[in-house]
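Read top to bottom, the protein sequences are chains D and L. Quick note: the first sequence, position 88, residue 87 per numbering that gives the first Met the number 0, numbers continuous. Quick note: the second sequence, position 25, residue 24 per numbering that gives the first Met the number 0, numbers continuous.
Don't read these hints as lab results, they were simulated from the structure. It should be emphasised that the depicted structure is a prediction, and the values quoted were computed from it without experimental measurement. There could be a bad hint or two in this list.
[To be verified] Derived DSSO-like pairs (lysine-lysine); straight-line CA-CA distance at most 27 Å:
#1 Lys84(D) <-> Lys64(L)
#2 Lys50(L) <-> Lys60(L)
#3 Lys98(D) <-> Lys84(D)
#4 Lys98(D) <-> Lys64(L)
#5 Lys60(L) <-> Lys84(D)
#6 Lys94(D) <-> Lys84(D)
#7 Lys64(L) <-> Lys50(L)
[As the list claims (entries may be wrong)] Some chain D residues well away from chain L (every beta-carbon gap over 12 Å; in silico):
#8 Met0
#9 Pro99
#10 Gly113
#11 Cys119
#12 Ser127
A virtual CB, placed ideally from N, CA and C, is assigned to each residue, including glycine.
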Amino acid sequence: MTSFALMVLGAPVSTQAPQTALAFARAAVQGGHRILRVFFFHDGVHCGNQMLVPPAGQQPIAEQWAAFAQQHNIDLVVCVASALKRGVLDAGEAKRYDKPAATLHPAFALSGLGQWIDACVNAERHLSFGS
Amino acid sequence: MTQKRILIVCRRPPYGESFAREALDVAMASAAFDQETALLFLDAGVTLLAKNQQPETIGDKSLEKQFAALPLYDVNELYVDADALQQYRLSQTDLSLPAQPLATGEITQLLERSDIVLNF
Chain D
0 MTSFALMVLG APVSTQAPQT ALAFARAAVQ GGHRILRVFF FHDGVHCGNQ MLVPPAGQQP
60 IAEQWAAFAQ QHNIDLVVCV ASALKRGVLD AGEAKRYDKP AATLHPAFAL SGLGQWIDAC
120 VNAERHLSFG S
Chain L
0 MTQKRILIVC RRPPYGESFA REALDVAMAS AAFDQETALL FLDAGVTLLA KNQQPETIGD
60 KSLEKQFAAL PLYDVNELYV DADALQQYRL SQTDLSLPAQ PLATGEITQL LERSDIVLNF
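Next comes chain L alone, as it looks inside the complex (with noise of 0.2 Å):
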């Protein structure tokens, strides 16, 4: 298969409704078919990337060990809006992923250099 950059954006909850799972599905699979796999949290799909989730209370599974896991399917490549991690009022400390936070112009750059783009 012919390798090409793909940026899967994550711009929802992780609870609440499933796309956060979708994305995190169509992220293993680009890695394992040997696509260049990078991650973008927007929105308020930075809420993914905080620490201690307890999705148990509302009956759900918790995605944190499973995003958590993406650096060993290749994935290593993870970004946040800065912006939005303030507007939700995340600092770097409670994130449990170490994804690279980026201002406005940079994300500008990071979809330019992307071949596709998957929005979830």
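For reference, chain D alone in the conformation it holds in the complex (with noise of 0.2 Å):
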């Protein structure tokens, strides 16, 4: 068994990214390996974003995401410098800067990057998907 740490780049539609990460994540898993965080940094904390509104017969990243999390005990957290800046917001961040509306999939956490470093320092290995 090996530990991974995942960091996610990549946006969600312009980008493969996710989705390879996902794919990876999900295997990783059925191989009887540990994910210990997914860290979306830079374009990938759309992936976070609850607003996508994918094409017909397309389930939504954020969904994807949050089933898989839940059913695994998989700790999913959007860097919260990335995220502002793209308006991927918290109840708490949108009341703060007065904007109308959460964004976030609440299956995610907003946290800072002393997430990714605690958790790459922590697994045996980590991966960065679309850089």
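Could you use the hints to bring the two separately framed chains together as a complex?
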């Protein structure tokens, strides 16, 4: 068994990175490995946006990550600095910056880069998707 | 937190996209969490080190001062690919930071002695 820290840097819709990361995460868990944390950084933070409306027949990327994370008890962390700049806000941030809506899916948590450093240091391997 | 040797590789240009800024944020976070942090500038990333950047003309903010502040965060190990410097026609005197030029073989050694390599 190997423990992994995953970083998603690529945006959903315009890049394949989030889907590739999710496919890797599913395969890793199925293979008996452990995902310590998934950290969404740079354009990857759009994965946590619950407002995305995909074409008919496709499940929103945030829902796909949320279902996977819930099933396997995996931490989904969205970089707060990257997220605010891109309009991905939880209820607290929306209120703080006087914005009309919380856009972050509740399965994701906003936090700092320290969470990524912590995951990297504690995981046996780390992988980045979309750089 | 366990202490590891983290190498952050900057290989993108400083402007036109935001990977360089993200690399800088990761470097500062790594140092703030007491990790032994080093940076390596490769490919177009070497232009990050050039003096007198003027991104104001394209409505961006300069990263020069922020990268220059890295030693204040205890990030003192800065390396640059000597071949890439030559490719971009930069000499040591053109640089705003004292990055140590490395030959290809030395870059391999640097990668080998790092526990974690993060590419941006």
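(message) Tell me the hint numbers this structure goes against, listed in increasing order.
(response) 4, 10, 11 and 12
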